[in-house]
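Number of protein chains: 2
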Amino acid sequence: MITGQNLVGGEWQSNNSSKYFKTSNPKTGKNLSISFEQASEDQTNLAVDSATSVFELYSNTTLKERAQFLGIIQDELKILKPQILYCYQAESSFPEGRAFGEFDRTMDQIDRFIDLLNEGSFLQATIQTQSPDLRKTLVSIGPIVVFGASNFPLAFSTAGGDTISALAAGCPVILKAHPYHAGTSEWVARAINNALIKCDLPLEIFSHLGGQSFTVGSQLVMHPNIKGVGFTGSFKGGKALYDMSQKRIEPIPVFAEMGSINPVFILENKLKSDINLAEILGQSIGLGIGQFCTNPGLIVIHDPREETDFINSLQMKIKELSLGPMVHSQIESNYNQQLIQLKNKKELLQVTASENSCAALGVTSASIFLENLDLAEEVFGPFSLVVQCKESSELLALAAKLPGQLTATILGDINDRNILQKLLPILKEKAGRLLFEGVPTGVAVTQAMQHGGPYPATTDCRFTSVGSDSIYRWLRPLSYQDCPNELLPAALQNENPLQLSRKVDGVFTNSAI
Amino acid sequence: MITGQNLVGGEWQSNNSSKYFKTSNPKTGKNLSISFEQASEDQTNLAVDSATSVFELYSNTTLKERAQFLGIIQDELKILKPQILYCYQAESSFPEGRAFGEFDRTMDQIDRFIDLLNEGSFLQATIQTQSPDLRKTLVSIGPIVVFGASNFPLAFSTAGGDTISALAAGCPVILKAHPYHAGTSEWVARAINNALIKCDLPLEIFSHLGGQSFTVGSQLVMHPNIKGVGFTGSFKGGKALYDMSQKRIEPIPVFAEMGSINPVFILENKLKSDINLAEILGQSIGLGIGQFCTNPGLIVIHDPREETDFINSLQMKIKELSLGPMVHSQIESNYNQQLIQLKNKKELLQVTASENSCAALGVTSASIFLENLDLAEEVFGPFSLVVQCKESSELLALAAKLPGQLTATILGDINDRNILQKLLPILKEKAGRLLFEGVPTGVAVTQAMQHGGPYPATTDCRFTSVGSDSIYRWLRPLSYQDCPNELLPAALQNENPLQLSRKVDGVFTNSAI
Chain U
1 MITGQNLVGG
11 EWQSNNSSKY
21 FKTSNPKTGK
31 NLSISFEQAS
41 EDQTNLAVDS
51 ATSVFELYSN
61 TTLKERAQFL
71 GIIQDELKIL
81 KPQILYCYQA
91 ESSFPEGRAF
101 GEFDRTMDQI
111 DRFIDLLNEG
121 SFLQATIQTQ
131 SPDLRKTLVS
141 IGPIVVFGAS
151 NFPLAFSTAG
161 GDTISALAAG
171 CPVILKAHPY
181 HAGTSEWVAR
191 AINNALIKCD
201 LPLEIFSHLG
211 GQSFTVGSQL
221 VMHPNIKGVG
231 FTGSFKGGKA
241 LYDMSQKRIE
251 PIPVFAEMGS
261 INPVFILENK
271 LKSDINLAEI
281 LGQSIGLGIG
291 QFCTNPGLIV
301 IHDPREETDF
311 INSLQMKIKE
321 LSLGPMVHSQ
331 IESNYNQQLI
341 QLKNKKELLQ
351 VTASENSCAA
361 LGVTSASIFL
371 ENLDLAEEVF
381 GPFSLVVQCK
391 ESSELLALAA
401 KLPGQLTATI
411 LGDINDRNIL
421 QKLLPILKEK
431 AGRLLFEGVP
441 TGVAVTQAMQ
451 HGGPYPATTD
461 CRFTSVGSDS
471 IYRWLRPLSY
481 QDCPNELLPA
491 ALQNENPLQL
501 SRKVDGVFTN
511 SAI
Chain F
1 MITGQNLVGG
11 EWQSNNSSKY
21 FKTSNPKTGK
31 NLSISFEQAS
41 EDQTNLAVDS
51 ATSVFELYSN
61 TTLKERAQFL
71 GIIQDELKIL
81 KPQILYCYQA
91 ESSFPEGRAF
101 GEFDRTMDQI
111 DRFIDLLNEG
121 SFLQATIQTQ
131 SPDLRKTLVS
141 IGPIVVFGAS
151 NFPLAFSTAG
161 GDTISALAAG
171 CPVILKAHPY
181 HAGTSEWVAR
191 AINNALIKCD
201 LPLEIFSHLG
211 GQSFTVGSQL
221 VMHPNIKGVG
231 FTGSFKGGKA
241 LYDMSQKRIE
251 PIPVFAEMGS
261 INPVFILENK
271 LKSDINLAEI
281 LGQSIGLGIG
291 QFCTNPGLIV
301 IHDPREETDF
311 INSLQMKIKE
321 LSLGPMVHSQ
331 IESNYNQQLI
341 QLKNKKELLQ
351 VTASENSCAA
361 LGVTSASIFL
371 ENLDLAEEVF
381 GPFSLVVQCK
391 ESSELLALAA
401 KLPGQLTATI
411 LGDINDRNIL
421 QKLLPILKEK
431 AGRLLFEGVP
441 TGVAVTQAMQ
451 HGGPYPATTD
461 CRFTSVGSDS
471 IYRWLRPLSY
481 QDCPNELLPA
491 ALQNENPLQL
501 SRKVDGVFTN
511 SAI
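Top line first, the protein sequences correspond to chains U and F. Following the working numbering, the numbering of the first sequence begins with 1 at its first residue and continues without gaps. Following the working numbering, the numbering of the second sequence begins with 1 at its first residue and continues without gaps.
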């Protein structure tokens, strides 16, 4: 039963003087019956103060205890799976398959952090036994605020990568629920709260606050005890949080993943020889109804004699795309407004719309694109812009003009090697992940994944928001000098009780000292 | 022969329309004869553009080439050692011993980075061979600005840790010379420039710009092609650079190490039993004429019955301290002004001044300190404030009120364990390095060192500015997906040509794939 209440420092609270908001079903266009309470300033402060009060205790839990806690979160998510998935489908346009898929992805992500905690070397324990005796390890930075994302009600929201990586790092989390799927978020929050109860951990470790306006989020980010922020969403939203965090007396890191147009460059010979490109790219554009941050929003083709069928084929593919409505009607109406504006720019691009969905494809020339660089702005949804380059120099000039991206893809065959070798160093400076086959949608949750890229794709390209390395966002190094063995954290004690691989006097070893 | 010119993109340039400034000898109070040119806006831009133009080439040099380059820098520094050390002593108050010591420290620091490059695992090569094939490594972030520090004309300046770590990371460097030791800085810049020539590397990799005002530095930080900044100095200077960097269209990281008062807590039994404390702390306060960022500026003693000789002994020690003048007369006059203000606050603290030097000691009570927290502001120089706590609760309350610090020291013996265990978790949140013996001055350049701490000690406590891990400030992760082997950076190629320890499918190995 969804209550619409806030989970404040471990307690589900009703607040009679609250503002209320509702979620809606984009498939029916109707509001759900539940009224959600917007957290008050007092509740927001209490959530942060509660998190602060248990920070020391939680950050001192063992890696095993935290791994166990994450495992119990999985168990509780499984118990509530029917309710979660029912609500997921009632509050979003996504079909059952996507609901199941995203649930599984969320569970898999938690698995990765359980593995990380069980293995332990992420603590980067480094010991120097000469005088002075210096021992360094990573420690938790403090209470973290995580914002649920609109496009991933599970995998990038309440028990998503940001929350789980922060909990794995020993940081309490205050989750600001995304107002489009506040019910789904509440069910997941219940699972986390239940897991805390079962693990006999302080319930203050996790709070869950609702709100439709920017108020709750900004109060959280400005609270002096908050030490870091995780966000996935629009440039506008992420940049506003980032700027706010810099105006605090103590600036704090805001890890905002703000999307990107993920350019795909198709080189001359590949374009001619690979007849499957339009099919593959068309599918990628429609995937998740275009609502992946790695959606290929820009396709740059090197087509000197304009002799390829690629554009026609891709237009056909887009026309035929059959997609459901977007995750939320507000997102769809924003998208449609952007499309109308693009369609009106007839002198700049030709827009082909799908007959069965909101998908669309724009086509323009390199010369027009280079003079209208606002065409490189993200259109969040199943839209992509094809830019035709007659000259390879145009393609290189275009690459050089692009802002930072999560991904950049180069599709070329062996005969394209010459131009590819000129393009690669340009794109290397632009992206967090470079692809040489396939499409950028699909973000594997592994240690080799980098999901993050130069600004404005993210606010800090030195970190990833997907994959186990995302834990480093919530940790900082601390050195102990000449510390009595029994006062050291377990990771640094002589006996190596955690059996970590540690760097001792420059050499990795699992041995005791 | 010092020219006073700027080294712009590898070329020593004279600029007739420049503003000029001079350096002075604090021992004589007289200016040196050389006139230094302030870099013009054109020169500043040219330096950054030059660095940008060679970034790709330099970032693609092999680790061996970079290690060789750093080795040749050492050789060139040795060749110019007589000139460097002569100028060092002419432009600072520091005696010959300090000049030699800091030169050696500078060389040792370079050794650490040569070792790091020869070993190579800092690239954190991570490979996942399943589909998709994903390979991640760290890559250079771009041209870096480094500001020379006033208190370390060599080890934290032109060929200091910031410059050398950035060069090791494959980033070109523009060095803004500290105006107090512009001549020393020019000699060191010549060594780096000579090393580039000998290594047949593009001279644009290193520029050296002078200027007395804030203008050159702010132009550099605001230049869109600059990707990171290293700074060691005052809170005011560091925070100004940081705030500026956040106003750019693309915010960039500014690693500002802004000093700290490095609190030393002496617990009750230790205070009674260790008769050497006053001697050791007195020496530490005077070390480097008080101009170390780890100077113990606050000494908190737990002295319930006020029966200890510690304060008397430390006052005696400070009175007898014989120190030279501070590094620069301007720094000394700032320091003396602060002292005068403190001496005038008779109702807050009692100040004992040295008879032979500018050293001084303040004494106050915990209750006064807790009501006048501006007493926790850094007094840069050989000054320390002793705070007497009658109750252990005062000591804990005081610790909780402190802002972020580079270091915090707890001196206690086995009978102090009870209070120590309460104090430790508080200080853990406040500092980058915790000491349990000795004094915080002395910062070992090793992998286990953390020189950095929570704001306002630094602007980013997740990184260190001393030790080989300081290289991570200038690197970011990049993933390659399904990349042809020959297009991968060497660190990620199947053959493992660099013979790195790499994480392949979750397991560390030196093997080829």
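Bear in mind the hints are in silico, worked out from the structure with no lab data behind them. Careful: at least some of the hints might be erroneous.
What the hints assert, rightly or not - Listed next, the in silico DSS-like pairs over lysine-lysine satisfying Cα-Cα at most 25 Å (straight line):
#	chain 1	residue 1	chain 2	residue 2
1	U	Lys-401	U	Lys-428
2	F	Lys-401	F	Lys-345
3	F	Lys-503	U	Lys-428
4	U	Lys-503	F	Lys-64
5	U	Lys-81	U	Lys-27
6	U	Lys-272	U	Lys-345
7	F	Lys-78	F	Lys-236
8	U	Lys-390	U	Lys-317
9	F	Lys-198	U	Lys-247
10	F	Lys-428	U	Lys-64
11	U	Lys-317	U	Lys-345
12	F	Lys-64	F	Lys-239
13	F	Lys-343	U	Lys-247
14	F	Lys-503	U	Lys-503
15	U	Lys-401	F	Lys-247
16	F	Lys-401	U	Lys-247
17	F	Lys-64	F	Lys-78
18	U	Lys-81	U	Lys-22
19	F	Lys-247	U	Lys-236
20	U	Lys-239	F	Lys-247
21	F	Lys-503	U	Lys-64
22	F	Lys-345	U	Lys-247
23	U	Lys-428	F	Lys-64
24	F	Lys-22	F	Lys-236
25	U	Lys-64	U	Lys-30
26	U	Lys-503	F	Lys-428
27	U	Lys-239	F	Lys-428
28	U	Lys-346	U	Lys-390
Okay, the hints, checked on the actual structure:
Between U:Lys-401 and U:Lys-428 the alpha-carbon distance is near 13 Å, which keeps this suggested pair within the 25 Å criterion. With a CA separation close to 21 Å, the supplied pair F:Lys-401 and F:Lys-345 stays within the 25 Å bound. Proposed proximity of F:Lys-503 and U:Lys-428 is supported: the alpha carbons are some 22 Å apart, at most 25 Å. With a C-alpha separation of about 23 Å, the suggested pairing of U:Lys-503 with F:Lys-64 holds against the 25 Å cut-off.
Restraint check for U:Lys-81 and U:Lys-27: satisfied, since their Cα atoms lie roughly 21 Å apart, inside the 25 Å limit. Taking the CA atoms of U:Lys-272 and U:Lys-345, the gap is about 29 Å. The hint is violated against a cut of 25 Å. Between F:Lys-78 and F:Lys-236 the CA atoms are separated by roughly 35 Å; this puts the pair beyond 25 Å, and the hint is violated. For the given pair, U:Lys-390 sits about 24 Å from U:Lys-317 by alpha-carbon distance, which is consistent with the 25 Å threshold.
Pair hint F:Lys-198 plus U:Lys-247 does not hold up; C-alpha atoms about 47 Å apart against a cutoff of 25 Å. The straight-line distance between the Cα atoms of F:Lys-428 and U:Lys-64 is roughly 22 Å, inside the 25 Å bound, and the hint therefore holds. Taking the CA atoms of U:Lys-317 and U:Lys-345, the gap is near 23 Å; set against the 25 Å cutoff, the hint holds. A threshold of 25 Å between alpha carbons decides the hint, and for F:Lys-64 with F:Lys-239 the separation of about 36 Å lies outside it, so the pair is violated.
With a CA separation close to 34 Å, the supplied pair F:Lys-343 and U:Lys-247 exceeds the 25 Å bound. A C-alpha spacing of about 15 Å is found between F:Lys-503 and U:Lys-503, which places the hinted pair at or below 25 Å, so the restraint holds. Between the alpha carbons of U:Lys-401 and F:Lys-247 the distance comes to roughly 21 Å, so the proposed pair stays at or under 25 Å and holds. For a cut-off of 25 Å, the pair hint linking F:Lys-401 to U:Lys-247 stands: about 21 Å separates their Cα positions.
Restraint check for F:Lys-64 and F:Lys-78: satisfied, since their Cα atoms lie roughly 21 Å apart, inside the 25 Å limit. Of the pairs offered as hints, the one joining U:Lys-81 and U:Lys-22 holds, with about 22 Å between alpha carbons and a cut-off of 25 Å not exceeded. Among the hinted pairs, F:Lys-247 with U:Lys-236 is consistent with the structure: their alpha-carbon atoms are about 16 Å apart, no more than 25 Å. Taking the CA atoms of U:Lys-239 and F:Lys-247, the gap is about 12 Å. The hint holds against a cut of 25 Å.
For the hint pairing F:Lys-503 with U:Lys-64, the CA-to-CA distance comes to about 23 Å; that is within 25 Å, so the pair holds. In summary, the hint linking F:Lys-345 to U:Lys-247 is not supported, as the alpha carbons are separated by about 32 Å, beyond the 25 Å threshold. The hinted pair formed by U:Lys-428 and F:Lys-64 meets the criterion: a straight-line CA distance of about 22 Å does not exceed 25 Å. Only pairs whose Cα atoms come within 25 Å are accepted, and F:Lys-22 paired with F:Lys-236 is accepted, the gap being roughly 23 Å.
Among the hinted pairs, U:Lys-64 with U:Lys-30 is inconsistent with the structure: their alpha-carbon atoms are about 45 Å apart, more than 25 Å. Proposed proximity of U:Lys-503 and F:Lys-428 is supported: the alpha carbons are some 22 Å apart, at most 25 Å. Distance check on the hinted pair: U:Lys-239 and F:Lys-428 sit about 31 Å apart at the alpha-carbon level, beyond 25 Å; violated. Taken as a hint, the U:Lys-346 and U:Lys-390 pair is honoured in the structure, with Cα atoms around 21 Å apart against an allowance of 25 Å.
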